[in-house]
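Asks: Sequence:
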Amino acid sequence: LLFYIMNFSIILASRDRVHLLDSLLQSIVNTTADKNNCQVLVVIDSDDRTTRRFTEKLKTTCPFAKFLVKDRSTNLNDDYLNWAWKNYATGDYIIVCNDDCVFSTPNWDQIALVELNKYLAHKPDGITYGWIEDSLKDRAGGMNYCCFPLVSNAAAKVLDWVMPAEFPGWGADIGLWRIYSSIDRVCNLSDVKIDHISYHSGKRVRDHVSYYVEQLSASGMHPM
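Numbers given in the numbering used here equal positions in the sequence shown, counted from 1, plus 200.
The set of hints was computed from the structure by calculation and includes no laboratory data.
Glycine is no exception: its CB is placed at the ideal position from the N, C-alpha and C atoms.
It is possible that part of the hints are untrue.
[Claimed, not checked] Calculated cross-link-like contacts (lysine-lysine; reagent style DSS-like; alpha-carbon spacing at most 25 Å):
hint	residue 1	residue 2
1	Lys318	Lys393
2	Lys318	Lys357
3	Lys337	Lys323
4	Lys257	Lys235
[As the list claims (entries may be wrong)] Computed Cβ-Cβ distance ranges for the label pairs, DEER-style:
hint	residue 1	residue 2	range
5	Thr255	Lys286	16 to 24 Å
6	Arg253	Lys323	44 to 52 Å
7	Asp248	Lys323	39 to 47 Å
8	Val358	Asp234	34 to 42 Å
9	Lys257	Ser382	39 to 47 Å
10	Asn230	Arg272	26 to 34 Å
11	Asn344	Ile311	13 to 21 Å
12	Asp325	His219	39 to 47 Å
13	Asp360	Ser273	15 to 23 Å
14	Ser273	Asp234	27 to 35 Å
Model the full assembly from the supplied sequences, consistent with the hints where possible.
Replies: Pasting the structure below:
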């Protein structure tokens, strides 16, 4: 089976929030310069009848989005994001995001590629974490992580994951940043902005999905 290698794979999980997912997909279409070199992988639950009912409409919003259906799991990072990366991602760079965000920087992909190529020019192993602006007001512990990180596929292959599986819900973005910052492999991509349309950034009230992910997070080990 041959895969076409692309520049970027955007990976996310979504449940019961079609209006947010539609807005995200439209923002990706509106801001991506080279749509032929970007894939979007959306993982949805087999019992999520609402989202599954709208997948054909969502495909018209973003023709290069692929919807992956699997049984519901309690580990968001390993069983959705890592699973999608291992089985379907073809990008040199992986961006992990949520359905409650929007890409707001025009030509973000071209901007990111310029910075990544400069950063990796003398790093032949290709290992890097890209720090993307997310409009978060307060970051836990004063740490400089970002909510929607970019990880090179080369780095993910070394670790055998995109997001640390020890975090079933929230906190994986912090753990990820700590790993790459500890080895000085953080590439500044702050000229690219992905707005978090969340109560964390004061832009939306909480919903049942947010509370569910919080419960998943509380059950994890959180090896900070």
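Asks: Could you run down the list of hints and mark each one as holding or not?
Replies: Verification of the hints:
1. Lys318 / Lys393: holds (19 Å)
2. Lys318 / Lys357: Answer holds: Lys318 to Lys357 is near 21 Å, not above 25 Å.
3. Lys337 / Lys323: The given pair, whose Cα atoms are some 32 Å apart, is violated under the 25 Å limit.
4. Lys257 / Lys235: holds (19 Å)
5. Thr255 / Lys286: 16 to 24 Å: holds (22 Å)
6. Arg253 / Lys323: 44 to 52 Å: holds (45 Å)
7. Asp248 / Lys323: 39 to 47 Å: For Asp248 and Lys323 the Cβ distance comes to about 40 Å; the hint holds.
8. Val358 / Asp234: 34 to 42 Å: violated (27 Å)
9. Lys257 / Ser382: 39 to 47 Å: holds (43 Å)
10. Asn230 / Arg272: 26 to 34 Å: holds (31 Å)
11. Asn344 / Ile311: 13 to 21 Å: At 20 Å between Cβs, range holds.
12. Asp325 / His219: 39 to 47 Å: Holds, since Asp325 and His219 (Cβ atoms, about 41 Å apart) stay within the stated range.
13. Asp360 / Ser273: 15 to 23 Å: holds (18 Å)
14. Ser273 / Asp234: 27 to 35 Å: holds (33 Å)
In the structure shown, a violation is registered for the earlier hints numbered 3 and 8, in ascending order.
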